[in-house]
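Colleague: As a plain string of letters, each chain reads:
Protein chains: 2
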Amino acid sequence: MPDALKVGVAGLGTVGAALVGQIAAQREALAARCGRRIEVVAVCARSKAKNRGVDLKKLRWFSDPVALARDARIDVFVELMGGAGDPAKSAVEAAVGAGKSVVTANKALLARHGIRLAALAEKHHAALNFEAAVGGAIPIVKTLREGMAGNSFERIYGILNGTCNYILTRMEQEKLSFAACLKDAQRLGYAEADPSFDIEGHDTAQKLAILASLAFGTKVDQSAIYVEGISSIAPADLAAADELGYRVKLLGVAMKTPQGIEQRVHPTMVRKDSSIAQVMGVTNAVTVDASGINPLTLVGPGAGGAATASAVLADIGDIARGVRTAPFGRPSDKLKAVRKAPMQRHEGGYYIRLQARDRPGTAAAIATRLAEQEISLESIVQRHVEKNRVDGKAGSVPVILITYATTEDAVRRALAAVTRDRVISGRPQVIRIEKN
Amino acid sequence: MPDALKVGVAGLGTVGAALVGQIAAQREALAARCGRRIEVVAVCARSKAKNRGVDLKKLRWFSDPVALARDARIDVFVELMGGAGDPAKSAVEAAVGAGKSVVTANKALLARHGIRLAALAEKHHAALNFEAAVGGAIPIVKTLREGMAGNSFERIYGILNGTCNYILTRMEQEKLSFAACLKDAQRLGYAEADPSFDIEGHDTAQKLAILASLAFGTKVDQSAIYVEGISSIAPADLAAADELGYRVKLLGVAMKTPQGIEQRVHPTMVRKDSSIAQVMGVTNAVTVDASGINPLTLVGPGAGGAATASAVLADIGDIARGVRTAPFGRPSDKLKAVRKAPMQRHEGGYYIRLQARDRPGTAAAIATRLAEQEISLESIVQRHVEKNRVDGKAGSVPVILITYATTEDAVRRALAAVTRDRVISGRPQVIRIEKN
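Taken in order, these protein sequences are the chains called L and A. Counting in this note's numbering, the first sequence tops out at residue 436, every number present. Counting in this note's numbering, the second sequence tops out at residue 1436, every number present.
In short, the hints are calculated from the structure, not lab data. All figures in this text were calculated on a predicted structure; none of them were measured in a lab. All the given hints hold, so there is nothing to weed out.
Here are the simulated DSSO-like cross-link-like pairs (lysine-lysine), alpha carbons at most 27 Å apart as the crow flies:
hint, chain 1, residue 1, chain 2, residue 2
1, L, Lys256, L, Lys435
2, L, Lys272, A, Lys1175
3, L, Lys6, A, Lys1334
4, L, Lys435, A, Lys1272
5, L, Lys336, L, Lys256
6, A, Lys1272, L, Lys272
7, L, Lys334, L, Lys219
8, L, Lys435, L, Lys272
9, L, Lys334, A, Lys1006
10, L, Lys123, L, Lys6
11, L, Lys175, A, Lys1272
12, L, Lys272, A, Lys1435
13, L, Lys175, L, Lys435
14, A, Lys1256, A, Lys1219
15, A, Lys1175, A, Lys1435
16, L, Lys334, L, Lys123
17, A, Lys1256, A, Lys1272
18, L, Lys219, L, Lys256
19, L, Lys6, L, Lys58
20, A, Lys1123, A, Lys1219
21, A, Lys1050, A, Lys1006
Construct all of the structure, not just a fragment, from the sequences and the given hints.
Modeller: Structural data, given as C-alpha cells:
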C-alpha cells in the first residue's frame, strides 16, 4: 500500500471537528476503499484551547492557514474557513500553486473565484474538489461532474438553503407569519443573527452559480442570476398554494432557453406531488432534467457537521484514489461565458394575489389589463369576506389569479397597469410556478 | 489529447442503440469532460438487418460477443446482453482477462458472479463498472462506492423494480385489482409475458444484493435475501394503508442489526410523507441511512433506453478519465461473507389484515393470541359491513391490526395460533412497516 495521504485541515468548526473524528473512526474502511490510508497530520484554527470533542493532541498546529497550505508535509489542504476573501482565498491559492490538492466547502469562494482557482489547479495538476459547497451531503457535484458526464442538461433546480426551507415549512404547517418563523429559526441556530444572506436568496444564488457551471459547461457567474428572497411570503400565499395543489419553496433554477441560460432564485410554486415538494425543514434537494432523465432528484441533509464532513471526506477519498477531474467538469478554458437569458423573457405560469377594492368594475378592470398583455387565466378566485376583516383593510377583497404560461414582462406590465388604475391596494404578490 | 477510447458494444437492444446514439451526439462534450474522445468502433448483435434508428455502418460487426470482447482494437467492452450465464459471462471474463475494462448493466450476472469477476478485473487492472445494473439512471453505485466512501452505513432500501411500482401505483390510484394492473403493465410493455421474475421480487433481490455489498463491504449473496412478491396485495390493503397514513411499496432493504446484515424484499408500508412514498409509476428510488446522513434519497428513472444508456456512458467516461475503483468499493479479497440476520428475528411494526368470523368472542380470541406473544397493538379496526358483501364471504368482518415494534417470529406464531383457533377465514395478510 502506498504512503498515507496526509491531510491538513484549516477551520475547526463543527464540520472540521466532525471531519477529524470521521477520518479516525473510518480509518480501516477508508484505507480499504481508497487503497491508501488517510491521515490528518496538521490543523489550523484560531483557538487552541477550545474543546472540540476530538483528539487533536498528535496533530501539528498552525495559526496561519497559508503556512499550513504551503507546508511540505501535507498532500491535501482542506479549507473549511469560509468567506470569499482572505485568508481562504490566499490559502487555497498557495496550496494549489504548490501542486497540492484542495478540498473546500466554500461556496462563496467558488462563486467568486472558482474559475480562476480551477485554472490554477489544472495548471499544477492538483484536484480542487468541493462536493460540500452545494447541498451538504447530497452528492450533486459528483453526479453532475461524473455521473451524468454523457448527458445534455435541460434544467437543474433545487432547494439549496435549509434556513429558507425551514421557515417556509413552519409557516405552511403551523400557519405562522414569516417573522415568527424567522425568530424561531434564529433561536434554534438555523438562521444567523443577520439572516439577510439566507432569506434574500444570496446563499442559494452562490450554490446555483456552481451547479449551473457544472451542468451547462459555463463559467461560474453569480451576477447572471436573478434573485428574490422569501421575506414577502405571507401565510395567505401558502394557504392558497395548498388549495391549488402547490407548495411554495425557495428554488434556485438554471435552465436552457432559446435566449441562453436562465438563472434565477425566487419563491416558487411546485406541484405538491413532486419529489421536491416533499422536502421539509432544513433538508435540501436538487432535481435535474437531462437527456433521457426526466427527472432525477437527490434529497438529503444540506448542512450539519457530520453530513458536510462526509462530503468533504468523499472528496479526499477521490484524491487518495488518484482521481483528478477538472473542477467544473471540463477544463476551465473550455467553459463558456454565460449567455444570460433576461428575466423579462422568462416564460411560465404565475400566481398573483391582489387586494382588490370591493366596488363594481374592479374584476373587469383587472381582467382587461391582463387581457391587454395576452395573459390567459387558468383560474381566478375572489373571496367575499366580511368587511374590515381582510388584512385589516376596509372595503377590499383578496383576488387570486393563476395564469397559463406567459412572460415575466407581460405580467409586470399588466400589474403596473392594474396598480395605475387604483383598483387594488398594496403591492401585488407574484409567485412564479415551476413546471415539475 | 490522448488517443480516443475505443468501445465495443455487445447487445443492441434499446439501451445499446441509445448508447451508440448518445456517444455520437455528445462527442465534443464527452471529450471535454473526459479529456479523451470516446468512440464506438465495433458492435455485436444477433440481427444485422434490423433498423435500430442509429447509424452502425462504419462500425465493425461481430456475431460472437466473446470474439468482440477479445478484440485487440477495443479498450472497453460494454456488455448489454443480459443473463447470468453465457454468452454474457464468458464474454466479460474474456474482456477482463485480456485487461480490458468492462461496463455492464447485467444485474443477474453481477448477483451470481460479481465477486469472482471483480477479483479477475482487479488482477488485470481493468475497471468493472455497473452503474446501470441498479436503479437505471440513478447514480447509486457511484454514490455508495465514491460519494459516501467515508460513511458507515446503517440501512439502504429502495424501490428497485419499475414493474411492481407501476402496478402498486395503479392499484392505489385507480382502486384496481392486482391482476387487472398486471395485465395493463404487460400490454404497455412494463411487464414481461412471464412476469414472475419481477412481481415475485427476484429482480429487486438481485439489485439489493449488489447494493448491500457496496454499502456493507460484504460479498454479493443473493441467497441471503428473504424474498416476498406483491401478488398477494389487495385493493383493501392499499385502502387501509391510505387511511393509516401509509403507502405500500415493494422495497429491497438491507440493514445492519445486532444479528448481522438483514436483507429482505417484500411489500412494505412506508409513511406517506416520506420521499420514497412519493415515487410513482415505473420510477425507482434508493434511500440510504448512514453516519450523519439520515436519510439521503435518490429518485429517478429505473429503466428505459436513454436513461440506462446515460449510466453506461458515465461508467465509460470514468474509464476514459483513467479512474479505476474496486468494483464493489473495496478490493474483492477484503469483502466479508455476509453474516445473515435471520428473518425470524426481524423487528418492526406490522400491518395485519384478517377476515374474522363475525361471532361473539372472536376479537377476544385474536387479542389473546397476540398478547401471548407480547405483541402490543397500536390500533385495531374492525368494520361491521353488510353481510355477504365482504369479499363475498358470509358472516365475516375485516379486522385490521397495526402492531408496535415486535418480531417476525412472534407475529408468525400468533397468527398460526389464530388460524388454529378457527376464528378467521382465509390466510392472514401481513405487511411489514418500514420506519422512515
